[in-house]
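Here the structure of chain A is known, so what remains is to put chain B in place on it, guided by the hints.
Now for the letters of each chain:
2 protein chains.
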Amino acid sequence: MKVLITGGAGFLGKKLATALSADPKWSEIVLFDRIAPVGLPEDDRFTIEVGDIRDPVQVGKLVTNDMDLIYHLAAVVSADAETNFDLGMDVNLKGTHYLLEAARHSHADPMFVFASSIAVYGGDLPEVGDDQTIITPMISYGVQKTMGELLVQDYSRKGFVDGRALRLPTIVVRPGKPNKAASTFASSIIREPLKGLKAVCPVTADSRMYILSPRKAVDALLRGAALPGSAFGWNRRLTIPGKSFTVEEMAESVREIAGQKAFELIEWKVDPMIQRIVGGWMPDFDASRGMQLGFEADESIQSVVHAFIEDEIEYQN
Amino acid sequence: MKVLITGGAGFLGKKLATALSADPKWSEIVLFDRIAPVGLPEDDRFTIEVGDIRDPVQVGKLVTNDMDLIYHLAAVVSADAETNFDLGMDVNLKGTHYLLEAARHSHADPMFVFASSIAVYGGDLPEVGDDQTIITPMISYGVQKTMGELLVQDYSRKGFVDGRALRLPTIVVRPGKPNKAASTFASSIIREPLKGLKAVCPVTADSRMYILSPRKAVDALLRGAALPGSAFGWNRRLTIPGKSFTVEEMAESVREIAGQKAFELIEWKVDPMIQRIVGGWMPDFDASRGMQLGFEADESIQSVVHAFIEDEIEYQN
Chain A
1 MKVLITGGAG FLGKKLATAL SADPKWSEIV LFDRIAPVGL PEDDRFTIEV
51 GDIRDPVQVG KLVTNDMDLI YHLAAVVSAD AETNFDLGMD VNLKGTHYLL
101 EAARHSHADP MFVFASSIAV YGGDLPEVGD DQTIITPMIS YGVQKTMGEL
151 LVQDYSRKGF VDGRALRLPT IVVRPGKPNK AASTFASSII REPLKGLKAV
201 CPVTADSRMY ILSPRKAVDA LLRGAALPGS AFGWNRRLTI PGKSFTVEEM
251 AESVREIAGQ KAFELIEWKV DPMIQRIVGG WMPDFDASRG MQLGFEADES
301 IQSVVHAFIE DEIEYQN
Chain B
1 MKVLITGGAG FLGKKLATAL SADPKWSEIV LFDRIAPVGL PEDDRFTIEV
51 GDIRDPVQVG KLVTNDMDLI YHLAAVVSAD AETNFDLGMD VNLKGTHYLL
101 EAARHSHADP MFVFASSIAV YGGDLPEVGD DQTIITPMIS YGVQKTMGEL
151 LVQDYSRKGF VDGRALRLPT IVVRPGKPNK AASTFASSII REPLKGLKAV
201 CPVTADSRMY ILSPRKAVDA LLRGAALPGS AFGWNRRLTI PGKSFTVEEM
251 AESVREIAGQ KAFELIEWKV DPMIQRIVGG WMPDFDASRG MQLGFEADES
301 IQSVVHAFIE DEIEYQN
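Those protein sequence lines, which keep their order, are chains A and B.
When you line the first sequence up against the working numbering, it's residues 1 to 317, in that order.
When you line the second sequence up against the working numbering, it's residues 1 to 317, in that order.
Chain A with its partners taken away, still in its complex shape (with noise of 0.2 Å):
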């Protein structure tokens, strides 16, 4: 069996990648991005694309008749979209609906599964959001994203493809180096003063995340192609479960396992864009449906800075 991985290049595509060579059904796994990964275990199922997603000449050709699963999380990331507008749509709306169409065309009929994000919740936000929380995105990558989910169902439901788009919390701790999203400081105050490193805050401590471990969404994406398409029934749109937690408690966790020193390389200094765009994130999710599909958060902050600990400091060294 063959599954695609787009944005293959990027950290979460190599970490579901590598989940899913442990599964020897899949005798290709092919990974899509503009540049190639870097760090990559290896396995000879491993086959890597390089192209541009916003061509839907190459798209076309990437989903072959023989494509099982697709997994689209290439994307134009929420401070990139906003600056370069054009980019975000071409990449985020349109590569979509190439890859849905390409999915759709193809004589495999894959199941698609989309990285959507909660980045769609924005406007006039509850405290504590649920399932029926009406969308009214604030910033063009929400709105790119819930467009994309919209198509994912739409699609689905004409039979074109099996689909689904998962609502995936913020992503912390990433590993690397921080990248163009506006939510990268939640990674970067964790990541860089376990290293050592020097970290800036652009919010206040008492701002609120909605978050989920690189663990936990690879588990999440995994169970979001294992489920059968009749779990999710004429819904495909799914908040996955996270934690909700302020960045004070972020940071808390911090000196509680590195200590002081390191919670002291955490300098706090407001970025009015970036305190603008994360003020207008969910702070915080009853994320029933996607528990009673058995998605599963983290159990505290401290669970995911022991994972980011284990998972990228101690095997690196």
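Quick caveat, the hints were computed from the structure, so don't treat them as lab data.
Computed from a predicted structure; not experimentally measured.
Every clue listed holds true.
Repeated chains share a single entry, so a pair holds when one copy, or any two copies, can fit it.
Pairs of lysine-lysine, DSS-like flavour, derived with a Cα cap of 25 Å:
(1) K2 <-> K25
(2) K158 <-> K94
(3) K61 <-> K94
Just chain B, lined up with the frame of chain A:
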């Protein structure tokens, strides 16, 4: 001042053009459609443009640098978009995007009024929806209108256009002949008997619909452009107030106003596809925000029918 109406050959486009022509401030009223409008009153200020909204070059030329206001009514209607999926995507999603792009890049910063539809609502609906009801469309037309709303919202937030997405109830009584909208029967069962013609009602008598007369729909489109952007605030998506009636109440109004013979011209014969689509629509709505913004529903089903007689039957005689 100059105004553009896409879908200008449709009944609503023509009524809107006629209403706009009463205001001398409009020096040119451009009606764009794939065919020329028929039965438009004589007015030197009307300019007819025949073309294809699926062609971004044509759409780009349409939005001249002196265009002050754009009414985007052109659409592939519900049952048609359900049968011809690609046509619906091309006209309803891509066409809307092309027009927004043309408006964004014109020098006049035009106001953009998008005619959306309560067909955006679907799924597990409450008995009475409201401005906080989650939008989970269950037909492709509703999905495409939702995506159009999201684009209008984001283009407005970014300052590309001064947009307003007005979610119109089902328009009853439409003049002329039945179209490919799943809701077309709601007009037919009133219009045809009043003209002494037979009409088929493809849904059960207890089916409930949220409707608005053409007169009030034109009023809503005028009001949507007359309000300052500040009246809408950040949320440029708005459900226009209508009234909820059962199909039985609609048929009874025919008996009351035109007599038993007219009523007996209605043949009751359920079409499962139409019943399924209409059964999935919003049956009633508390349009508080729209009412606060001064939009007005019809008084009664009788006033809806009388308006049709005055505007369409007596006018013709």
